[in-house]
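S.K.: In case you want the letters, here they are:
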Amino acid sequence: MTKQSAINTKLITALGLAVFLVACKSTPITPAKVEDKSPSSASTATNSGGDTGADANAVKEVMVDGNANGSADGNPLRDPNNILSKRNIYFDYDSDAVKAEYRPIVEAQAKYLLAHPDAKMTLQGNTDERGTREYNLSLGQRRSVAVKKSLNLLGVQDTQIETVSYGEEKATQNCAGEACDKDRRVDIVHQGE
Amino acid sequence: MKLFKLMAFLASFLVANISYAALDIEITGGSAQQIPIAVVPFANAAATKDNISEIISADLKRSGLFRVLETRGMANLPTSPAQIKYAEWVALQAQALTVGSVEPIAGGRFKVSFQLMDALKQTQLAGMDYQIAPNQVRTTAHKIADIIYQKLTGEPGAFASRIAYITKIGKRYALQVADADGFNPQTVVSSNEPIISPAWSPDGSKLAYVSFEKKKPIIFVQSLTSGKREVLANFKGNNSAPSWSPDGNKLAIVLTYGANSQVHTINANGSGLKLITKSNAIDTEPVFSPDGSHIYFSSDRGGKPQIYKVAVDGGTPSRVTFEGAYNVSPKFSPDGKSLAYIRNDGGKFKVALQDLATGQVQLLSEGSQDESPSFAPNGRVILYATKARGRGALAAVSSDGKVRQRLNDAAGDVREPAWGPLLN
Amino acid sequence: MLLIASSAINSHAALFDDKEARKKILEVEAKTQSNFDANQTAINDLKKSQAAIEKRLAAIEAVIQGQGLADMQNQLEALKQEVANLKGDLELANHHLETTQQRQKDLYTDTDTRLRKIESAAVAPPVTPVAAVVLEEKDVKAFAEADSLSKSAKHKEAFAAFDAFLKDYPSSKLAPDALYGMGYTQFALKNYKSSIATQQKVIDLHAESPKVPDAMYSMANSQIQLGQVTNAKKTLRDLVVKYPDAEVTPNAQKRLKMLEALK
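Chains as they are written, first to last, in our numbering: chain A, 1 to 193; chain B, 1 to 424; chain C, 1 to 263.
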């Protein structure tokens, strides 16, 4: 038997196995979809596996999807001519200092929050992809905290701000040089956006 | 749609087992003294869709500790000890051989028998009978491979265990579990937002993980069999880096509120939250020592990220790593004697292994963006994430650094591997 | 005000005459005027202080809006980083100190045990057994046999054995020992002249050997037996001067004193 034909045989076996998995779908895999709002895929919901017994390794799948995408017109936050629509603050490599050039953005956001005591915002920290995911999550957090502190100094209370981090999860894949610069940033997101 | 991806994944692993290196499991290096063993095709092996003898052979080969002998040219292929002509196998330099059979029985089930024989002494080293459903062939093959491994190396095997990992295909993230050989992948949870940091409960029944589905990191715990998922931690700020205590009662997690990452512990039912580290630096990636007495974590309290340890009830942390300017993601070997972690070695992120008694460190991996080390339950192999041709892939290295493997998923990115406990 | 005045006039017309009424009106007018003046002053004061407050507020706002606080925040963060770096350096220095101390301790313990071994070994010279263990070779074995014959006073046999050894293994490391051994057996067999000749060979052929002082001592003993006191004294004097630390030196000194006392 040649190597090539051996591989073909295996491929066919693999396909066979996959078909088998489809056939037995209700047994080993019971997918469940959890949807927030998206109406298109309301519920393919849970098929409570019951006592299919046999395979202790069976795994039930959960799907998590959708999110709000509200849109408010005439909102200064969305007006491209308003500085409030500028939402990215960029950082130097290995730094979490808010640079002077982003001060107008921070001040505008502070003014908005002080004028709208019910408004709430989330600061999302980001890093480039170098390093490990969890550690980068913490590094991104440090950046969002730095922006929060700048807002605090302008009188904004912590109750209006949540600091979170995406770490490297939104980073450019295989970035090099200046492409990585865009990854080191804090995104400002207002509630409901 | 998803099943097509699944097929591609499966197919790739199967091809790999045949030996086409460029595609999936690449094995490089190998133990100097491999045990020569013949896995004689089981009688009636074609009766099941998964070929049991081939799965056993592949397991043994992949461990790097065995030289699996070619049996195709042999005139006599015994399927029970009585049929063995030992001289032929000794001539082939086999130290041991396995024979066995598959036999259909009532209810669409199968009876699988196998014997492991010492080729020189002509004695039986092990023998088992199993009555199984068709979908248990792979698991049974892995259990047999574990018995062979244990009998011939004196150490427990880890073939009958599972791995968890994250795939990213297009914009879709999925947490999957598969057998230790990459077969039989099943999706645990999928989302359009990132999923990271899967962690097995010590009994292998649950996975804790971090999901960004609510636009921020939240920790979930999900039962694999029922699919029931519960929020473990959703506090203001980040909730991340879960890891279980050895008894499975507690988890170490990282919370931020409005400040930097700090290590906390929380009961598995979500009660009893306790702050463990108190610094204004980053404290993250906590793991329990196997004896449950300490929590090891990465921290930049000393300016650069290093690994520290603290008593499980809190207190003053002390530093564990001293070489290099970036050591993160600590993971304990199951015997608690060594610590694997990621070191930035001149701009290249590699898996390092530190002997905790002597402090001696060995760099095990060769990649430049390696992360998420995870020990096999027998401590012989460390699974980790690497980059291959610009994409996330999984790789494994034996804990002595001699055998390396790479597992690629043809469909997309694979990352964040976590090796689960042994199945009983 | 006029209204108040007129109503006062109307209601109290019966009680007051015009003069008195006019007087009252003037009084009221004066009082009102002074109240008004007081109010006006108070208002002016308030305006002034408000202006002052506004000034101060503006100053505070300037502080907040200005780069000052932001700079301070950045400086604080930089300081925190600096402190962390120092902490890290300290951790590293402490670690190095600890490992160095441990290594020093280990080294001391190791040296101490080794020294103890040497010190205790000095009491009973282990030369032969150690050599026998280390080099289990033919020459070693042959030497050991000859030596043990000599020690059990089988001098003839020992002589033959040493003689054979020197023929079989002329370049052995043990050759000076064998030669010395042969000289010793010759002395024991009272062949003093031969013994002197043999020991002279040790001295001439193996000048670096530790056996030389032993050979000289043995030679002196033979010379004494032959009555060559002057030669014996010279040999002993040479021995004491050249090898002040040799094992036989104290004995050589005693013997030398004895010979000198004979005069």
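Incorrect hints may appear among the rest.
As the list claims (entries may be wrong) - Partial list, derived from the structure: chain B residues whose beta carbon lies under 8 Å from chain A:
1. VAL188
2. VAL189
3. PHE212
4. THR225
5. LYS236
6. THR256
7. SER279
8. ASN280
9. ILE282
10. GLU416
Keep in mind that the hints were calculated from the coordinates and are not lab data. The beta-carbon is built from N, C-alpha and C at its ideal position, and this holds for glycine as well.
S.K.: Indicate, hint by hint, whether the structure satisfies it.
M.R.: Verification of the hints:
Here the hint on VAL188/B is kept, as its CB sits about 6 Å from the closest CB of chain A, short of 8 Å. The interface hint given for VAL189/B holds, since its Cβ lies 4 Å from the closest Cβ of chain A, which is under the 8 Å cut-off. The beta carbon of PHE212/B is positioned within 8 Å of a beta carbon in chain A (closest approach about 7 Å), and the interface hint is therefore held. Restraint check, THR225/B versus chain A: the minimum CB separation of about 6 Å is within 8 Å; hint holds.
Taking 8 Å as the C-beta contact cut-off toward chain A, the hint placing LYS236/B at the interface holds, the least distance being around 6 Å. Of the supplied interface hints, the one on THR256/B holds, with its beta-carbon coming within about 5 Å of a beta-carbon of chain A, less than 8 Å. Look at SER279/B: its Cβ only gets to about 12 Å from chain A, farther than 8 Å, so that hint breaks. The criterion of a C-beta within 8 Å of any C-beta in chain A is not met by ASN280/B, whose closest approach is roughly 10 Å, and the hint is violated.
For ILE282/B, the interface hint holds, since its Cβ comes within 8 Å of a Cβ in chain A; the closest pair sits about 4 Å apart. Checking GLU416/B against chain A by beta carbon gives a least distance of about 7 Å; that is within 8 Å, so the hint holds.
When each numbered hint is compared with the structure, violations occur for hints 7, 8.
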